[in-house]
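> Positions 70 to 235 (the working numbering) are the ones given, in order, by the sequence shown.
Treat each hint with caution, since some may be false.
[What the hints assert, rightly or not] Pairwise CB distance ranges (calculated):
#1 A219 - S119: 21 to 31 Å
#2 I196 - R154: 15 to 25 Å
#3 R141 - P195: 31 to 41 Å
#4 A197 - A135: 34 to 44 Å
#5 E113 - A223: 42 to 52 Å
#6 R96 - S119: 23 to 33 Å
Honestly, the hints are just simulated from the structure, not real lab data. Predicted, not measured: the structure shown is a model, and the values here were computed from it. In this text, a Cβ means the ideal position worked out from N, Cα and C, and glycines have one as well.
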Amino acid sequence: MFEHEDHDHTTCESGALERAKSTCAERGVNFTAQRRRVLEALLESHVPASAYDIIDRLADEGPRPAPITIYRALDFLSGQGLVHRIESRNAYVACCHVHQGGEVVFLLCDKCGAAGEVTSANLAGPIAAIAAQAGFEPRRSVLEIRGLCARCVAAGESEGEAQGTR
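Throw the hints in and build the complete structure from the sequences for me.
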């Protein structure tokens with residue numbers, strides 16, 4: 070979910086890293102130093118980052134990695150359920166919790182850029198029904214809802230400001 074005033078980001082980061090290590094160990098796949106660095110770069114913030122944003126972050130710490138290296142790490146991390154791709158932004162965000170089933174919905178703040186992630190078991194049926202009515206057989210779904218996060222709403226941001234129409 071979105072960061073809030075009592076959000077302990079250090080615990081969030083360390084929990085996600087521990088989950089990544091244990092997930093990879095359980096599956097018998099390597100959680101390499103490069104993959105860890107990419108995940109750590111994403112864990113710096115709850116704002117989705119593009120591959121090139123990640124390259125820039127990692128270049129601040131050492132040699133500038135090649136784009137293919139970052140894309141391979143993102144593909145691996147995504148395949149393990151450790152990061153999610155935000156399709157509409159062509160960016161990635163670390164997954165900070167274990168999914169208990171259900172459809173994942175991304176809540177994207179138009180003002181501050183933050184991304185929140187929620188799941189709902191109640192969405193799978195209606196989505197399948199809508200697709201079936203159209204004679205469509207879905208393979209996967211990506212639900213992204215744009216709007217304002219609670220912090221931006223509390224700050225009094227208007228809809229026009231959120232859409233960049235100041």
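> Now tell me, hint by hint, if it's right for this structure.
How the hints compare with the structure:
1. At roughly 25 Å, the beta-carbon separation of A219 and S119 lies within the given 21 to 31 Å, and the hint holds.
2. About 19 Å separates the C-beta atoms of I196 and R154, a value consistent with the hinted range of 15 to 25 Å.
3. Taking 31 to 41 Å as the suggested C-beta distance range, the pair R141 and P195 conforms, at roughly 36 Å.
4. Taking the beta carbon of each, A197 and A135 are about 41 Å apart, inside 34 to 44 Å as hinted.
5. One distance hint, 42 to 52 Å for the beta-carbon pair E113 and A223, is violated here, with the actual separation near 24 Å.
6. At about 27 Å, the CB distance of R96 to S119 agrees with the hint of 23 to 33 Å.
Going through the hint list in order, the structure does not satisfy hint 5, though it satisfies all others.
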